[in-house]
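2 protein chains.
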Amino acid sequence: MLDFSNIKVISFDADDTLWQNENLFRKTEQKFCTIMSPYASKEQSMKELWKTEVKNIPCYGYGIKAFVLDMLEAGLKLSKNKLSANETKRLINLGKKLIKSPIVLFDGAENTLKKLSKKYKIIVTTKGDLLEQENKIYRSGLIKYLRHIEVMSEKDKKSYARLLKELDVKPQEFLMVGNSVKSDILPVLALGAKAVFIPSKFTWFYENGDASKISSENFIELKEISQLLKML
Amino acid sequence: MLDFSNIKVISFDADDTLWQNENLFRKTEQKFCTIMSPYASKEQSMKELWKTEVKNIPCYGYGIKAFVLDMLEAGLKLSKNKLSANETKRLINLGKKLIKSPIVLFDGAENTLKKLSKKYKIIVTTKGDLLEQENKIYRSGLIKYLRHIEVMSEKDKKSYARLLKELDVKPQEFLMVGNSVKSDILPVLALGAKAVFIPSKFTWFYENGDASKISSENFIELKEISQLLKML
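First to last, the sequence lines map onto chains A and B.
Residue numbers for the first sequence follow the numbering used here, so the first one is -11 and each next one is one higher.
Residue numbers for the second sequence follow the numbering used here, so the first one is -11 and each next one is one higher.
One thing to keep in mind: the hints can contain errors.
Given that identical chains are not distinguished, each listed pair holds provided it fits within a single copy or across any two copies.
As the list claims (entries may be wrong) - With a cut-off of at most 30 Å between alpha-carbon atoms, the simulated DSS-like pairs for lysine-lysine come out as follows:
hint: 1; residue 1: K146; residue 2: K85
hint: 2; residue 1: K30; residue 2: K84
hint: 3; residue 1: K170; residue 2: K189
hint: 4; residue 1: K201; residue 2: K65
hint: 5; residue 1: K70; residue 2: K170
hint: 6; residue 1: K189; residue 2: K43
hint: 7; residue 1: K153; residue 2: K103
hint: 8; residue 1: K201; residue 2: K85
hint: 9; residue 1: K153; residue 2: K102
hint: 10; residue 1: K170; residue 2: K15
hint: 11; residue 1: K103; residue 2: K84
hint: 12; residue 1: K85; residue 2: K70
hint: 13; residue 1: K145; residue 2: K84
hint: 14; residue 1: K211; residue 2: K107
hint: 15; residue 1: K88; residue 2: K158
hint: 16; residue 1: K77; residue 2: K19
hint: 17; residue 1: K84; residue 2: K109
hint: 18; residue 1: K107; residue 2: K19
hint: 19; residue 1: K84; residue 2: K146
hint: 20; residue 1: K211; residue 2: K132
hint: 21; residue 1: K132; residue 2: K201
hint: 22; residue 1: K65; residue 2: K15
hint: 23; residue 1: K70; residue 2: K145
hint: 24; residue 1: K146; residue 2: K132
hint: 25; residue 1: K201; residue 2: K158
Bear in mind the hints are in silico, worked out from the structure with no lab data behind them.
Extracted from the complex, chain A is given alone in its bound form (with noise of 0.2 Å):
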């Protein structure tokens, strides 16, 4: 059982464990294979684009900016290069929209934070588009709670223990919660440090791992942000 009784910085992901954000990206492709439809099946729509996020990961990161170059390449290569200026428009306008969508915070979540923030140092860790992430942070009215933000452009063992020692905290001092296995759970057990996981209802491909392999005593996995409060 996760021993809480030495933590001093807990550290939450951002999307899809303090809010909403896949679900958007999910109605996002939705749209992405209604306007490929002229070209392709949705399901080759899918793979194609997939695919396409996967390749350009080390050359544009994450983020709704390399989403839509995503798009954008994936639409090229699915049209056979036929791609017209008006669906280039309606992707470009797709990411536009997303970047404006509004914040929906996951029930329990901002009072979790005020709650837990009374007793720790509450801080928000989270990868993308270092505009975007902090953009929404603010716009989700949390950053009261907040003592750090810390955006990464990859989440692994490495980033993480260049953020414990740049907040001077020891490994069994830190806990991180957060919705995936591979990049708010693994790297952190790997220090040493204690990891919540917090499954959500939608998790993208890339992210997707298997937590019922974890067996660690720095580790639990919770169905919602507030049964933190039961524990801490």
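Guided by the hints, dock chain B onto chain A, whose structure is given.
Relative to the frame of chain A, chain B by itself:
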């Protein structure tokens, strides 16, 4: 005259302070104008691109992905929605090429950082796309001299104040070195910290500012980065 005696942290801007950057954007702008030549004069194309860039900063921020989306949007407008799939592809590829451009350090940049790092805590403070900036710093070979990398979404007084707090350093102990009056000099001087302006041959129109109007004993203008060694 700038008093260097109590400086502890020297922070360098990255693009066009440590290495060439703006010249690559200028070359890409020329290529954009060539691709647009069936639709518009060079002057019209540049004007539309600049207008689009400034308009989209709140939405897209800075960096190459934003620049590509700006080129596409300006291209759609200039072509009156006739931009061909091939032209779209060429614009996307301009961006990919830009992202992969080799880093060309300015004369004396490495030697200056190497020598100063023996006496001072050297950091890089830059704005723009997180992944792009990190990748450039890693590829520059300068990482071994750096104790911290700060990528900001906007280099304003508030962001610098937060950085100084994070570094636990007083304004009079902090020196910023950069090529942008707007982003590297004015917000730093406003905090009571010190600033060295090194104008670069090319500066993005958005970053232009008049250094001749600055009268502060915390400020000096130098011609090249290696001149710092004579003063520090």
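(request) If the cutoff is 30 Å on CA atoms, where do K170 and K189 land: within, between, both or neither? Let me know, please. (result) within (16 Å within a copy, 44 Å between copies)
(message) Treating 30 Å as the Cα threshold, decide for K88 and K158: within, between, both or neither.
(response) This pair counts as neither: shortest intra-copy Cα distance 37 Å, inter-copy 37 Å.
(request) Indicate which option fits the pair K77, K19 if close means a Cα-Cα distance not exceeding 30 Å: within, between, both or neither. (result) both (13 Å within a copy, 21 Å between copies)
(message) Please sort K146 with K132 into within, between, both or neither, judging by C-alpha distance up to 30 Å.
(response) both (28 Å within a copy, 16 Å between copies)
(request) Have a look at K189 and K43 and pick one of within, between, both or neither, based on CA distance no larger than 30 Å. (result) within (25 Å within a copy, 36 Å between copies)
(request) First find the shortest C-alpha distance between K201 and K65 inside one copy, then the shortest across copies, and answer within, between, both or neither for a cut-off of 30 Å. (result) neither (38 Å within a copy, 53 Å between copies)
(request) Evaluate K211 and K132 at a C-alpha cut-off of 30 Å and name the case that applies: within, between, both or neither. (result) within (25 Å within a copy, 43 Å between copies)
(message) Cα distance capped at 30 Å. Does K146 pair with K85 within a copy, between copies, both, or neither?
(response) between (34 Å within a copy, 28 Å between copies)
(message) If the cut is 30 Å between Cα atoms, do K211 and K107 qualify within a copy, between copies, both or neither?
(response) within (22 Å within a copy, 51 Å between copies)
(request) If the cutoff is 30 Å on CA atoms, where do K132 and K201 land: within, between, both or neither? Let me know, please. (result) This pair counts as neither: shortest intra-copy Cα distance 36 Å, inter-copy 38 Å.
(request) Indicate which option fits the pair K201, K158 if close means a Cα-Cα distance not exceeding 30 Å: within, between, both or neither. (result) So K201 and K158 pass the 30 Å test inside one copy only (26 Å; across, 48 Å).
(message) Regarding K84 and K109, is the shortest C-alpha distance of 30 Å or less found within a copy, between copies, in both, or in neither?
(response) This pair counts as neither: shortest intra-copy Cα distance 34 Å, inter-copy 40 Å.
Comparing the model with each numbered hint stated earlier shows that hints 4, 5, 8, 11, 15, 17, 18, 21 and 23 do not hold.
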